[in-house]
Every structure is written in structure tokens, then in C-alpha cells.
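Visitor: Working from the sequences, and respecting the hints, build out all of it.
Residue numbers (the numbering used here), protein chains in the order written: chain A, -15 to 283; chain B, -15 to 283.
Note that identical chains are pooled: a pair holds if it fits in a single copy or bridges any two copies.
Lysine to aspartate or glutamate pairs mimicking EDC-like chemistry, simulated, CA-CA at most 20 Å apart:
(1) Lys(-9) <-> Glu44
(2) Lys135 <-> Glu116
(3) Lys135 <-> Asp6
(4) Lys234 <-> Asp210
(5) Lys221 <-> Asp282
(6) Lys233 <-> Glu153
(7) Lys233 <-> Asp77
(8) Lys135 <-> Glu13
(9) Lys135 <-> Glu21
(10) Lys231 <-> Asp218
These are calculated hints, taken from the structure and not from any lab test.
Small disclaimer: the values here were computed from a predicted structure and weren't measured.
Protein chains: 2
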Amino acid sequence: MSEFHLKEYIQKRKQLVDEHLDRLLPQPEGPSGKVVEAMRYSISAGGKRVRPILMMAACEAVGGDFSTILPAACAMECVHTYSLIHDDLPAMDDDDLRRGKPTCHKVFGEAIAILAGDGLLTYAFELMTHPELTSYVGGRILNQAISIFAKAAGVAGMVGGQTADILFEDKPVDAQTLAYIHRHKTGALIRASVEMGALLGGGTPEQVERLSNYGTALGLAFQVVDDLLDVIGDEKKLGKPVGSDEKNKKATYPALFGIEETRKRAQDLKMEALDALSGFGSEAEPLRAIAIYVVERDR
Amino acid sequence: MSEFHLKEYIQKRKQLVDEHLDRLLPQPEGPSGKVVEAMRYSISAGGKRVRPILMMAACEAVGGDFSTILPAACAMECVHTYSLIHDDLPAMDDDDLRRGKPTCHKVFGEAIAILAGDGLLTYAFELMTHPELTSYVGGRILNQAISIFAKAAGVAGMVGGQTADILFEDKPVDAQTLAYIHRHKTGALIRASVEMGALLGGGTPEQVERLSNYGTALGLAFQVVDDLLDVIGDEKKLGKPVGSDEKNKKATYPALFGIEETRKRAQDLKMEALDALSGFGSEAEPLRAIAIYVVERDR
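Guide: In C-alpha cells, the structure reads:
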């Protein structure tokens, strides 16, 4: 699959996710309409839908029909978006802009932004039991997927990573802590997206485990390359200034290991991800192309 | 069942819930231990465990074994506690004390308090798929219970009620809006507790519906009597000052309808709750005693 095809594939899937998010989210009405407005504002603020696309691609890789798991894919985007809303709050990272647009609390105020995050996190679990999902997926499998989801999003996953990130702000971070933060803050949801897609698509336990390994490697590769691009990237291509990690005294792989070692680590992670897919056929082409793209990209 | 027995019943059940919360919550360890500490701090800050006790009582009322649904009962308390942590935040109600103890953000800071709330909300859904629950309850029934739970906690329930409560702060509130806030902010979780207990305990759809009606009436009765006690209650018995609603310009039933009409409303709601239990046998005695206590209490 050439890069051209991957772009087209991602664009189509992104559009599908966008349409279904718009369809599946509640409508702003009644005395609490404002919080739904805020949820919809952040959901439609230009996300790339990486996690839902990965979930659907993992579903395909085990021979499943990705169109049957759209509520779960949308649920994953709800959790990702809630995490951004809460991360941006004044008490957390205190960001006024995200992807060039005012953050949720800048538009709706802090109270509604907190509630919009809470609402999206809760709605994710409502979507996980949506009739469109329960009509295709068995009850036990759905229970398992919900369990994977909650663990990856909670203190053993994303919330734990965000906690560590905040506690180590402005403090020296060693390699072990940096790995902990990445594995939990961003890695956990990426791995869970792939695992859930495989499970909901009818994958065998062995297939789910292999794709889980793929997800772990991919999540880490994504972060390592992000760190690298912040040092050696082209501002024009990235669309954002480089060197911000160093300026913000953020612990990164290049800072800890040097550029060459970080490049090597990214290549190793790509091979790990591709190795995990070795038993899969052409249905796993999208996952392969994504792993290559994540490491070879220049933006 | 005399009041003495109800007290003993509630005390025993509360102790059981406390023990299992302590056992089932994660342990504070690793780089994110602080957030688990904060979660445990708020969970053990003196809650009465009303919702878990109601869930177990509803389970018993349909002939179920309440000891098999303890993870779900604890999950309900996690969601209730998360809602208190986020409600107390400076951007929301800005409370320094709850039940006489410093609120979560006063002890751990705002960022960790936001994350502790997020962590508890997410952990609730992890508990809903805990092996101790899935080994007793069928996959489909569990999916249904999770769906009821998420709807009651989210924008169509508690989060919606809290949104309306915040948006109508310092504004005149009519009877319809007051009912909306109560039905959503506190009523939704109480109703869901009873519904989930009935469903997880193996109740028929008709039993679940009847207990849902019980829960709706009980939740509203609880709020109506709370409003009433703030006007006519005895400060010594209540252990808190009366008249605070009027001082805070809070919309209440007595303010809108007068004391006599509010008393009558409380009695009507008690009868509604008891009527809903008419088809049940002695297994529903705890639920009956709770409905009578909620309306007749003087604290």
C-alpha cells in the first residue's frame, strides 16, 4: 500500500467517524443543552481520529466488519477528547488554544468544560452498550471490551500517565519515568483501540494479543518520533515551532538518549510493530502502512 | 420493620460496602500513586453509602443475593464520590469542606482532584466488568446495567442536572426547572441504583420497572424533605445550620409551594414509593422502611 493509498484510506475513515460522531452524540436541548454544545464543540475541533481509525483497522485485520463497531470507535474518540478538555484546564496545562481554536473552557467557562469532559467520558460507556453495537457483538465480548477500555482510560492507564506527567512537571525525569508517562498517558488508549478492534471484530485470543503488541509498539513509536521531530523537524511541514520541548524543559527521548539512538529506537519500534503483524494477511495492510507512516513521517 | 431494625440493617450494609470499597479500589503505588490516594481519601470521607445500600436492597427485593453484586454497588459509590469531588472544585461550587473534612482539592490540589474524579468515574466501569460480577451475571444483563448506569450518570442524568444547577445559579427558577434539576442531579443515580439492583438480581422487566418507579419517587422525596428540613428542621438534630437555602437564594420546594404543600408532596411521594412495592413480599421490607424513614426523618 503506497502512501497515497494510506492517505485516501485515512481520509475516508476519518470522514466516516466524523459523520457517526455527529449522528451518535446527543443533541443540545433542554436546561442542560449547554454542556452538550461544549461536548460537540470539542469533538468537532479538528481531531485526526487516529484511535477510531486504528480500532476499525484492527477489526478488519482479524476479518471483522468495521462498520459494525462504529459506536465503539466513536466511544474511543469521546474518551480521547474528554482527556484533552481536562488537560487544557487552568488547573492542569492551562492552554488557551488547541489545534488553533480556543479550548473548551475558553469558550464555555471552566465549570461547563469540566462537565463536558465528564459528560464525554460517561457517554463513551453509553456508546459501548449502544443497540447498534449490542446487536452485532456478544454480551461477554462486549464486557471484555469495556473492561479493556476502562483500564486503559483510568488510573492504570491514561489518568495514571497524566498524573505522573503533572507530578514530574519541572522535575528531572529519568528514562524509566519517561517510559511510564508515555506508555500510560498516550500509549494505553492507542493499545486499547487496537485490542478492542481485534476483540470486537471476532479475533482469537492469540490475534488480540499480537495486535496488542502492535499497539504498544505503535504508541511508543508515535511518541518517540514526535519528540524527534520537535528537535530535527521542519517548522513549515510541522505547522508548529520546533524546540518547544527543550524550551518547556520537557523530558524527551532525544534529550535522554541523543538523536541517533532515538532514530534507532523509532526504527526498532517500527520493526516490532510489523513483526507483530507477521501472521496476518492482506487485511492487515492498513495497520502495516500506519506503522511505517508513523515512523517515516516528517510532520 | 421498626426503625431500630432499619438502623441496624443500614449500619451492617454500610460496613460491608466500606470493606469492599477498601478491598476493590486500586492501591496507591508507582508514579501515579498520588491520584489513587486522592480517590481513596474522598471515598473514605464519611459517605452514608445510600446508593449502594439501595442497590443491594433492590437486588434482595427481587430475590437476588446482594453479596454477588458488591462490585456494582461499589461502582455506584465511585460515581457518587467523583461527582462530589468535581462539584466541590473552585470552578464549580468552590467548597473547602465536605462532611467536616477538607475537600479533595484542598488536600491534593486542583489538578489531582480533577484527575481523582476522572479516575473514580472510569474505575466505576472497570468495576462493572469485574470478574466477581461477571461470574454471577450474564453478559447481556451486565450490558443493560452498564447502559442504565452511564445514562443516569451522564448528560441525560447527573451531569445534565449539575449543568442546569450551575446555569441557573442566582437566577429565578420555576417549578419545572427545579424538578428537572432534582430529577437529574440527585434523582437519576438513586433511580439507577434501584434499577440496577433489580436487574442484576434477576428481576423480571416488570419488577425492574416497578422498582424504577420506587426509585424515582424516593429520589424526589429525599430532596423535598431535605428542602423542608432546611426550613423547619432542628439545627441540633440536623447537625448543620437551617435556613441556608434561603440565605443562598436557592430555589426550594417550600419557597415555591409553601410548607404545607411541600409536606403533602412528601407524603404523596412516600405513598407512591410504597405503592410501587405493593406486588413484592417481605423481601422488599428494607425498601419500604427506607421510603418511610426518608419522609418521616427529622435529620
